[in-house]
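**Q** Numbering (this note's numbering), first residue to last: 1 to 455.
Don't read these hints as lab results, they were simulated from the structure. For every residue, glycine included, the Cβ atom is placed at its ideal position computed from N, Cα and C. Don't take each hint at face value.
No farther apart than 20 Å at their CA atoms in a straight line, the calculated lysine to any residue pairs in the SDA-like style are these [as the list claims (entries may be wrong)]:
| no. | residue 1 | residue 2 |
| --- | --- | --- |
| 1 | Lys325 | Ser248 |
| 2 | Lys381 | Gln26 |
| 3 | Lys423 | Lys437 |
| 4 | Lys381 | Ala357 |
| 5 | Lys272 | Leu301 |
Derived DEER-like restraints, expressed as beta-carbon distance ranges [claimed, not checked]:
| no. | residue 1 | residue 2 | range |
| --- | --- | --- | --- |
| 6 | Gln315 | Ile76 | 53 to 61 Å |
| 7 | Gly385 | Glu332 | 16 to 24 Å |
| 8 | Gly70 | Asp359 | 26 to 34 Å |
| 9 | Cys447 | Thr84 | 48 to 56 Å |
| 10 | Gln315 | Gly385 | 33 to 41 Å |
| 11 | Leu273 | Leu195 | 42 to 50 Å |
| 12 | Glu241 | Ser141 | 24 to 32 Å |
| 13 | Asp131 | Val186 | 19 to 27 Å |
| 14 | Ile245 | Ser113 | 33 to 41 Å |
| 15 | Ala290 | Glu191 | 34 to 42 Å |
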Amino acid sequence: MALKRNYLTAVAITLIAAIACLAEFQVNTHTDSNQANPAIAADTNGNFVVVWNSYFEWPRSNEIFGRRFGADASPIGSEFQINTTTSGNQKESSVATDAVGNFVVVWYGPGVSQEGIFGRRFDPNGQPLGDEFGVNSHTESRQRVPKVAMNAAGAFAVVWESDKLGTKPYEWAISCQLYDGNDLAVGQEFEANLLPGCRYPDVAMDDNGNFAIVWMQDRSSNSIMARLYNADGTARTDPFEVSTIGFSSLTRPSIAMDWSGGFVVAWDGDPKLARLDDIHGRCYTFDAVAMGEQFVVNTTLAGTQQNPRVAMNDQREFVIVWDSKIDPDINERNIFGQRFDSSCTPIGDEFGVNTYALDDQKYPAVAIRENGEFLTVWQSKGQDGSGYGIFGEMGQMVGLADFIGDGFVNFRDYCFLAEEWRKSENTLTTDLIDDNKIDEQDLAEFCYQWLTADQ
């Protein structure tokens, strides 16, 4: 009887902790008007930073703000302004961090000609490492939609779309500028694409500084393209096509990479109509060998699934999040996600992320930790009392394998897991993957926690 009471106590503690971790939290403290387009990055200790653009009344317009959080999602200080040039419109920020928490933020705003790409570096305490700096050396016309990736040592790459190829519509090029760990530019900016008509790039980097760029090739038949680079900026491959099924809508592909260069790409699309978009993905080894064909991520096929973002950890586990609009006659969306293991196999079912379901939730971003926990942020309409605000949530998380509650993961916990193997009850204490069943995926996660518990 005493042992059973201990079991129940452990279950209760686990449930309370899970509920606390799954609670939504508000990121922004300035709530007037709209806070939009969030991005997130986490360091190896689980601390993370969220950035977004915040609208202020004329003459300021949009500005770039950020806020730091601890591993338990508790805020570290107040929100802070990132851009120092406040004239005009600053938008579309992206953030990346190194192993110890130094981070870089990039965005686009008024440039020499029209728009330009800007960046600013910060230390692990959120203190700026200098003023904002210009990224693009080609300053004519429009430079927009930047993304940034950083490796564990602090080297980083910035990519963006550049209207440098001519005056015709859809002549955008994909530009990149590489930086070393001392914030010095490596070489000149260069173009990843060989053909014109490229949009919406993204970038990911491994621990050695090798990186991959993806973009949408916006010609008569849309496609997702990628290209791999060495740490010095020399190309490892020619551009190659990731998507194998054509689609008709604009999409912003997302890429994530592990420490050794294996990567996954996600995008949305449908061969016929944008309102029928699904979320697609494809996995690759470090040398750009596909681990299979493209696959559909979402299991709910009704309505419009769009705006995917992907994050991968060094165990090659990854998670894809997106916004979902089921009813075409109601302009309301919700945030969904799907987890995958290192072999590109889904872990459990797709799941809803947001718990506040009124009005509109859209444009998610995600970061994942080495233990499989992940953090999602998005913009939510009306939740902060005025326009859109930025909100986040931890989870769904892989469960803790200490079922006995004695502070250890050991053979006693394994016996407890074995008792529930193949059960299909509503309450499964040892369901580490949170898919309403106990199977080999829960066993694999249990073994991982057991073998790494003392490391």
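**Q** All hints, please: hold or fail.
**A** These are the hints, each one checked on the structure:
no.	hint	in the structure
1	Lys325 - Ser248	holds (18 Å)
2	Lys381 - Gln26	holds (12 Å)
3	Lys423 - Lys437	holds (7 Å)
4	Lys381 - Ala357	holds (10 Å)
5	Lys272 - Leu301	holds (14 Å)
6	Gln315 - Ile76: 53 to 61 Å	violated (26 Å)
7	Gly385 - Glu332: 16 to 24 Å	holds (18 Å)
8	Gly70 - Asp359: 26 to 34 Å	holds (29 Å)
9	Cys447 - Thr84: 48 to 56 Å	holds (50 Å)
10	Gln315 - Gly385: 33 to 41 Å	holds (40 Å)
11	Leu273 - Leu195: 42 to 50 Å	violated (26 Å)
12	Glu241 - Ser141: 24 to 32 Å	holds (28 Å)
13	Asp131 - Val186: 19 to 27 Å	holds (21 Å)
14	Ile245 - Ser113: 33 to 41 Å	holds (38 Å)
15	Ala290 - Glu191: 34 to 42 Å	violated (24 Å)
The structure is inconsistent with the numbered hints 6, 11, 15, although it conforms to all the rest.
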